[in-house]
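Asker: If you're matching them up, the sequences are chains X and P in order.
Numbered according to the working numbering, the first sequence spans residues 1 to 219.
Numbered according to the working numbering, the second sequence spans residues 1001 to 1219.
Hints were generated in silico from the structure; no laboratory data involved.
Where is the CB? At the ideal position from N, CA and C, for every residue including glycine.
Mixed in with the good hints, there may be bad ones.
What the hints assert, rightly or not - Here are the computed lysine-lysine pairs in the BS3-like style, where the Cα-Cα straight-line distance is at most 30 Å:
id : chain 1 : residue 1 : chain 2 : residue 2
1  : X       : K36       : P       : K1032
2  : P       : K1208     : X       : K2
3  : P       : K1145     : P       : K1115
4  : P       : K1032     : X       : K184
As the list claims (entries may be wrong) - Here are a few chain X residues that face chain P, going by a calculated C-beta distance under 10 Å:
id : residue
5  : V16
6  : K49
7  : I51
8  : C101
9  : G111
10 : P190
11 : A194
12 : V199
13 : K200
14 : A205
There are 2 protein chains.
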Amino acid sequence: MKIIILLYKGFTALDVVGPYEVLSRLPNAEVKFAAKEKGIIESEYASMKMIATHSLEEIESADILMIPGSTSAFLQVMKDAATLQHIQRIHATTNWTISVCTGAIILGAAGLLKKKAATTHWAVLGMLSNFEACPVTERYIQQGKIITAAGVSAGIDMALHLAGLIEGEAYANMVQLVTEYYPKPPVNIPDVAAVPKEVKAAALAFFKKEMGEMNTMQP
Amino acid sequence: MKIIILLYKGFTALDVVGPYEVLSRLPNAEVKFAAKEKGIIESEYASMKMIATHSLEEIESADILMIPGSTSAFLQVMKDAATLQHIQRIHATTNWTISVCTGAIILGAAGLLKKKAATTHWAVLGMLSNFEACPVTERYIQQGKIITAAGVSAGIDMALHLAGLIEGEAYANMVQLVTEYYPKPPVNIPDVAAVPKEVKAAALAFFKKEMGEMNTMQP
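So that you can see chain X by itself, here it is in the shape it has in the complex (with noise of 0.2 Å):
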């Protein structure tokens, strides 16, 4: 099985590798990393800096290809249209084609999301709109071969879906066992929605600090 993940500069570290994490625990899985060059790839804090093997061009096919977010780098690679032709192109042949966070949008300027429910960061859900998609409030969401997940850490959830989708559940059952993800976040919240508003807040502040300005975010 063969399972093409997407690095960029500035990509979002757990948006990567919580879906790696299960990802990699199918059987006969083979995960590759691409860039639109190979080599050093530096995570959206530089201190963390992973390895592309390969090269998009390289790239002929994938059983899985993953579009990793970030906090603002995504805004760059939507506008790189050698890397879009890529996923355009790598998406033909594959059985799946999902997102993490902000890579939705990345898959959305492609034109992959066009009439289809669709979900990333809830900062930016409703950019989503611009490419046609219909932006929904799920953890993850399935339409058809594409599956979207919802920020960050929920690229997580939507992986041991997709495992259980390919494997079964009993699978998918073994592989939480075995990356023991049975959360209990020390606050209990359940959603985005029963977040306190001050927090909400104080996250846009952040956010907004991180990247400057950005438009688009929703309040």
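With the hints as your guide, set chain P onto chain X.
Answerer: Positioned in the frame of chain X, the structure of chain P alone reads:
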């Protein structure tokens, strides 16, 4: 805030990246990845490679020292006197020393868990007794400045707890929202104790296949 994350060949990627994604968002966080020798470090499925930008020798001190786990590579690290000495030396300077998964076994081997309650991956929980630690089944447990987390994904919960201790609960809640950590695994099993026996048997068989042999594994 100087955060040092240990890398070693065969580390589990999510053990590293889960807490990284939380802790790198602390104010003035400066995260460094250190290994016995700097350079490219392969994670346990080899396809994911990260860069250790520093050797352990170069690290004089840390505010937070984090030791990730692995499926089997920790068995080598716990016998490596030089690495254990570096861990002891850096630990003497920390405000917090934390581990994820079998990283706790490495802390134990470094003599840092004596007479302390600690946790690790469920499959090797009993190993902690070898180091005079008291094994407990918790998502994470704090004893003074040491916090140990359970398997793999538990590092995220532990890091949010630590972010709360350092910057207050409101800040931790904000980081939880930024990383959208409101998990909804496809199958809602609340904890390891509630996992059906056949899933546990499948997970142990998976580990056995992965590792060849690991006599210390608890059934």
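Asker: Measuring from the C-beta of V199/X to each C-beta in chain P, is the shortest one below 10 Å?
Answerer: Nearest chain P Cβ about 5 Å off; hint holds.
Asker: Measuring from the C-beta of I51/X to each C-beta in chain P, is the shortest one below 10 Å?
Answerer: 4 Å, holds
Asker: Does the CB of A205/X sit less than 10 Å away from some CB of chain P?
Answerer: 9 Å, holds
Asker: Below or equal to 30 Å on CA atoms is what counts here, so check K1145/P against K1115/P.
Answerer: 14 Å, holds
Asker: Given the hinted pair K1208/P and K2/X, is their Cα-Cα distance within 30 Å?
Answerer: The given pair, whose Cα atoms are some 24 Å apart, holds under the 30 Å limit.
Asker: Straight-line Cα separation of K1032/P and K184/X no greater than 30 Å?
Answerer: Holds: K1032/P and K184/X sit about 27 Å apart, inside 30 Å.
Asker: Verify the proposed pairing of K36/X with K1032/P, using a straight-line Cα cut of 30 Å.
Answerer: Judged against 30 Å, a Cα distance of about 26 Å means the pair holds.
Asker: Hint C101/X vs chain P: min CB-CB distance below 10 Å?
Answerer: 8 Å, holds
Asker: Against chain P, is P190/X within 10 Å by beta-carbon distance?
Answerer: 6 Å, holds
Asker: Regarding the hint that K200/X lies at the interface with chain P, is the smallest CB-CB distance below 10 Å?
Answerer: It holds, given that the least Cβ distance between K200/X and chain P is near 7 Å, below 10 Å.
Asker: Against chain P, is G111/X within 10 Å by beta-carbon distance?
Answerer: Interface hint status for G111/X: violated (25 Å vs cutoff 10 Å).
Asker: Should the hint that K49/X touches chain P count as held when the rule is a Cβ pair under 10 Å?
Answerer: Cβ of K49/X sits 4 Å from chain P, so the hint holds.
Violated hint for the displayed structure: number 9, the only one.
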